[in-house]
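Enquirer: Residues per chain are reported as follows:
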Amino acid sequence: KQEVTQIPAALSVPEGENLVLNCSFTDSAIYNLQWFRQDPGKGLTSLLLIQSSQREQTSGRLNASLDKSSGRSTLYIAASQPGDSATYLCALTGTYGQNFVFGPGTRLSVLP
Amino acid sequence: NAGVTQTPKFQVLKTGQSMTLQCAQDMNHNSMYWYRQDPGMGLRLIYYSASEGTTDKGEVPNGYNVSRLNKREFSLRLESAAPSQTSVYFCASSWEGLYNEQFFGPGTRLTVL
Numbered sequence: 001k002q003e004v005t006q007i008p009a010a011l012s013v014p015e016g017e018n019l020v021l022n023c024s025f026t027d028s029a030i031y032n033l034q035w036f037r038q039d040p041g042k043g044l045t046s047l048l049l050i051q052s053s054q055r056e057q058t059s060g061r062l063n064a065s066l067d068k069s070s071g072r073s074t075l076y077i078a079a080s081q082p083g084d085s086a087t088y089l090c091a092l093t094g095t096y097g098q099n100f101v102f103g104p105g106t107r108l109s110v111l112p
Numbered sequence: 113n114a115g116v117t118q119t120p121k122f123q124v125l126k127t128g129q130s131m132t133l134q135c136a137q138d139m140n141h142n143s144m145y146w147y148r149q150d151p152g153m154g155l156r157l158i159y160y161s162a163s164e165g166t167t168d169k170g171e172v173p174n175g176y177n178v179s180r181l182n183k184r185e186f187s188l189r190l191e192s193a194a195p196s197q198t199s200v201y202f203c204a205s206s207w208e209g210l211y212n213e214q215f216f217g218p219g220t221r222l223t224v225l
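Going line by line, the protein sequences match chains D and F. In terms of the working numbering, the first sequence opens at residue 1 and continues consecutively. In terms of the working numbering, the second sequence opens at residue 113 and continues consecutively.
The hints are simulated quantities; they were obtained by calculation from the structure and are not laboratory data. Using N, Cα and C, we set each Cβ at its ideal position, and we do this for glycine too. Treat the hints loosely; a few may be bogus.
As the list claims (entries may be wrong) - With the C-beta cut set under 10 Å, the calculated list includes, among others, these residues of chain D facing chain F:
1) N32
2) L89
3) T93
4) P104
All chains should be modelled from the sequences, with the hints used to inform the complete structure.
Expert: As structure tokens, then:
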């Protein structure tokens with residue numbers, strides 16, 4: 001059974017820092033991986049989707065990479081801002097269409 | 113373009129009561145999903161509908177029923193609510209199944225007393 005972990009569970013950084021969030025998975029037979037942000041009391045906002053054939057995707061200050069062989073994805077946030085404070089979740093789909101499996105999330109606080 | 117909308121936003125039920133959570137999307141997506149989010153358990157799939165007229169069980173379907181009313185709407189029904197169903201419920205949609213980018217609604221916060 002696919003298991004997804006995200007470390008650290010929480011992270012505080014000063015404004016302006018570059019940071020990396022990690023997502024690890026146990027089964028490398030994935031079809032795609034999606035990163036979301038969730039603000040307190042709100043729904044999930046899609047940030048980036050990486051197909052299994054891709055190594056990375058970029059959107060603005062965000063860059064997500066995927067290394068299936070090592071079972072890892074990272075989300076890089078450049079020049080962090082207080083508005084980036086949220087919980088970041090990764091989720092992935094298996095090659096054989098298994099259910100979308102979510103990680104527990106990393107709660108990010110960017111301090112002014 | 114509202115994306116994915118859910119009603120109600122909040123609901124309190126007594127054990128044994130029934131209710132239906134509504135979800136609608138205006139992105140012409142084929143697939144729709146219902147998730148629940150619980151502290152320490154993350155998000156788990158309850159049911160999904162790959163296309164209009166089809167529904168399938170997810171990871172935690174017990175105690176729930178769903179109806180794909182048309183391409184836009186997908187409802188989740190609790191026939192006899194239990195305290196274990198206290199949770200935040202999210203609806204999502206995508207173009208074609210689990211292989212595509214999913215878009216989420218704002219959620220329904222349900223408390224069962």
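Enquirer: Indicate, hint by hint, whether the structure satisfies it.
Expert: Going through the hints against the structure:
no., hint, in the structure
1, N32, "holds, 6 Å"
2, L89, "holds, 7 Å"
3, T93, "holds, 5 Å"
4, P104, "holds, 5 Å"
Consistency with the previously given hints is maintained throughout, with no hint failing.
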